[in-house]
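The hints should help you fit chain Z onto chain W, whose structure is shown.
2 protein chains.
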Amino acid sequence: MASLPELSYNGRLESSRSSPQHRGGLQSSMDYGYASVKPVQLGICGLGTVGSGVVRVLQRNRAELSARAGRDLVIRQIGARRDRPDCDTTGIAVTRDVFEVVRNPEVEVVLELIGGTTTARELVLEAIAQGKHVVTANKALIAEHGNELFAAARERGVMVQFEAGVAGGIPIIKAIREGLAANRIEWLAGIINGTGNFILTEMRAGRSFGEVLSHAQALGYAEADPTFDVEGIDAAHKLVILAALAFGMPLQFDKVYTEGISRLSLLDVEYAEELGYRIKHLGIARRTERGVELRVHPTLVPESLLLANVNGVMNAVLVQGDAVGPTLYYGAGAGAEPTASAVLADVVDVARQQGTDPASRVPFLAFHDQALETLPVLPIDEVESAWYLRMSALDQPGVLSRVASILSEAGISIEALIQKAPLPEQDHVPLILLTNPCLGASMDKAVARIEALDSIDGAVVRLRTEPLAG
Amino acid sequence: MASLPELSYNGRLESSRSSPQHRGGLQSSMDYGYASVKPVQLGICGLGTVGSGVVRVLQRNRAELSARAGRDLVIRQIGARRDRPDCDTTGIAVTRDVFEVVRNPEVEVVLELIGGTTTARELVLEAIAQGKHVVTANKALIAEHGNELFAAARERGVMVQFEAGVAGGIPIIKAIREGLAANRIEWLAGIINGTGNFILTEMRAGRSFGEVLSHAQALGYAEADPTFDVEGIDAAHKLVILAALAFGMPLQFDKVYTEGISRLSLLDVEYAEELGYRIKHLGIARRTERGVELRVHPTLVPESLLLANVNGVMNAVLVQGDAVGPTLYYGAGAGAEPTASAVLADVVDVARQQGTDPASRVPFLAFHDQALETLPVLPIDEVESAWYLRMSALDQPGVLSRVASILSEAGISIEALIQKAPLPEQDHVPLILLTNPCLGASMDKAVARIEALDSIDGAVVRLRTEPLAG
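Chains W and Z, in that order, are what the protein sequence lines are. Residues in the first sequence are numbered from 1 upward in steps of one, following this note's numbering. Residues in the second sequence are numbered from 471 upward in steps of one, following this note's numbering.
If you're looking for bench data, these hints aren't it; they were derived computationally from the structure. A few of these clues could be false.
[What the hints assert, rightly or not] Sample of chain W residues at the chain Z side, in silico, Cβ under 10 Å:
hint : residue
1    : 54
2    : 304
3    : 327
4    : 353
5    : 429
Beta carbons are placed, not taken as given, at the ideal position from N, Cα and C, and that holds for glycine.
Pulled out of the complex, with its shape left as it was, chain W reads as follows (with noise of 0.2 Å):
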């Protein structure tokens, strides 16, 4: 079966397979056995911790991938400003000026991994105008720019990809894309940042979240400025970007719902353990009759399910399709390594593709450009959700039966109850209740009446519950 190659510099391919010893951007490809096939020309943008990730795999793992692609795949030139990136760049073109990689007319696969949206987007536009083919493992540029980038790599026929944009190493874009498209897909739920479920998962042992939030970062598993991962606004990209492939329409980025996990008490992590949940901060995207739903907020899943499993700061996500019903894809959402797995699988897709009709190809968001429709994003008002509430409730008859008429007024009824018993010298004992689905405009205005009753302190708390399957 394994027939040997025409022409190989070692005359058995398996010697080449077996060594660890490929280093280096620009050996020949003799070596692997495909010299008939000309290599792959690659210009590496940034050398932070993804870009240094993206080169020692490339450099590990060239037999193998060129294996895969039927090609070699060269580094031609890096545009790098780090001087001591944690890789070997020995033999390389390194120039401070990513646009020369850019211009540079040998490359002909430009890795984007400089991050942020401003430079990036003009390098991305600039490599699609010199035709050259892109992959990038920049969510916050595919979620806010790509229905530009996109439309302009269409029209220069050359490829765009992000699987390295969502969940890290977790072929997600793939599965999504490609492994389900005979489906109609329902809804997806993920966890989606590795550093909020890190947080989450820590809370469980009784951390408050700041307490957690600063070990993480004494770890490296959280910026100084935590906003971007605890707010949800890192989710909000990703989820787009999956919605849109879900659901065949462009990117919305401006109508996701985010709610942070930064105020979450840890009263609510314990109680909603107690009632069989675990508290994760999901990304969750629904189709319904009346629009699609597009919210990242903290969610009480069911501890039965996978999903509430997750732990630490591996992300997953789950999907469900109306053929396959619900499938699961779980693994590391971020790290050099595991990013660098999936911008080196985007990079043999394109190398295997290079001089294919661009109709052949996959289309950028699943959907061709003619079938993608721009479907409405529901307010979070009217979106639909079970709910976990507590509050602060005088400890003396009656105080239920009230919550629970102002509840039944606006046609919520209650699905499980906790009533603490008081502590000592304390008038108030906390309340939980889990309820059915209901609008979120509903839940509002009923809050609105339970705060206002005498005999509930303060704010009511809530978080929302999701019926997921899986």
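Just chain Z now, with coordinates in the frame of chain W:
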């Protein structure tokens, strides 16, 4: 962004995308907006559970499928002996001779859904000889005859796709073959037989293998002759396919070690739980310096792993890549529509790439032909595992020390131990051990010596446990 199609029957593609009423196989492609592109002509062979599911999903989601493929998909002919399929074949030409479908000059893509390995092999070879692309759901066919079929297909320049062959609707073949292309895959471990997983899940409630099997048969989850599922043959078919894709080697079905779950005792299910494990019937492929391990056997999995929490008929595959780390893929491993989901995803891939140069397509076994290596498969006694041992020991001092010294002399150390109190009027007690990893051959010898002790009654029960991460 979303421009209207140039030529569209409805004028608005939204209407056609949203309508649930696309029935039958012979409509014009005009109402999908791809009138300028020739529809793909499908020939379906087999109209059992999977075939009917494929027809149903294709009819229901035809607009979505076409929007993803960029071409309409038309069923040109069906070959089936069944008179009352679970789908509507109105308007589709149906013949009882599957070879007529394969030889129909209008059919471009053959869907082999008849099962078995004799007629199916002839059918696929004939389809390839006729220059037609093939999509199959047949794991046995690929595992046993894949090398021959791929060689023929390579010669003829056609595609042979088999996503539905492993883990039903989970796009695991695409994930390994494309999504993880940048990795050197180190090992994979999967729950790849739903019947077996259903039985093991139900046994946790204290019901014996035989009792649960009868129940599974009544529910239609198990065949009247369950050998294929419970003895691991079905899992071995799937494992050999996954291993070939992961490691880049030809299919070697006859080399898989297979051990079933039919002799599994409830006692061991319970003791495993006491030790923090669940027993799962895993297919495991691992690359070691001495060769490749290919094995299907009941395995103790730490309860903290997602894999341990995959219940009922669901499947999951955990894959360890050197760059990405562990990733897991979960979903329905069987059933009409989950399997149809995978078959039709393959059809979309084929439809898109029909006119492309074969070199631009993903290689059959992930690696290009000349890079495939026939790696040696280790015999099971040369495979290293940690072990769970259960024995019936005379309830007197010194027995444990004799057992421990036999293990120690074989270089095996004890990791954990449970010694049960004797039942009333019993002179023997159950003794349960977990050991460090050792070669199967070392354990064979140690167990023979333990069984020869006067103080040990009967055979030593042994099960493997694996150091899986993820």
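Status of the hints after comparison with the structure:
Interface hint at residue 54 of chain W: satisfied, since its Cβ lies 9 Å from the closest Cβ of chain Z, which is below the 10 Å cut-off. A least Cβ separation of about 8 Å between residue 304 of chain W and chain Z falls short of the 10 Å threshold, and the interface hint therefore holds. Annotation: interface hint on residue 327 of chain W holds; nearest CB of chain Z at approximately 4 Å, less than 10 Å. Here the hint on residue 353 of chain W is kept, as its CB sits about 5 Å from the closest CB of chain Z, short of 10 Å.
Interface hint status for residue 429 of chain W: violated, as the beta-carbon distance to the closest one in chain Z is roughly 35 Å, over 10 Å.
The structure fails to meet hint 5 from the earlier list, while all remaining hints are met.
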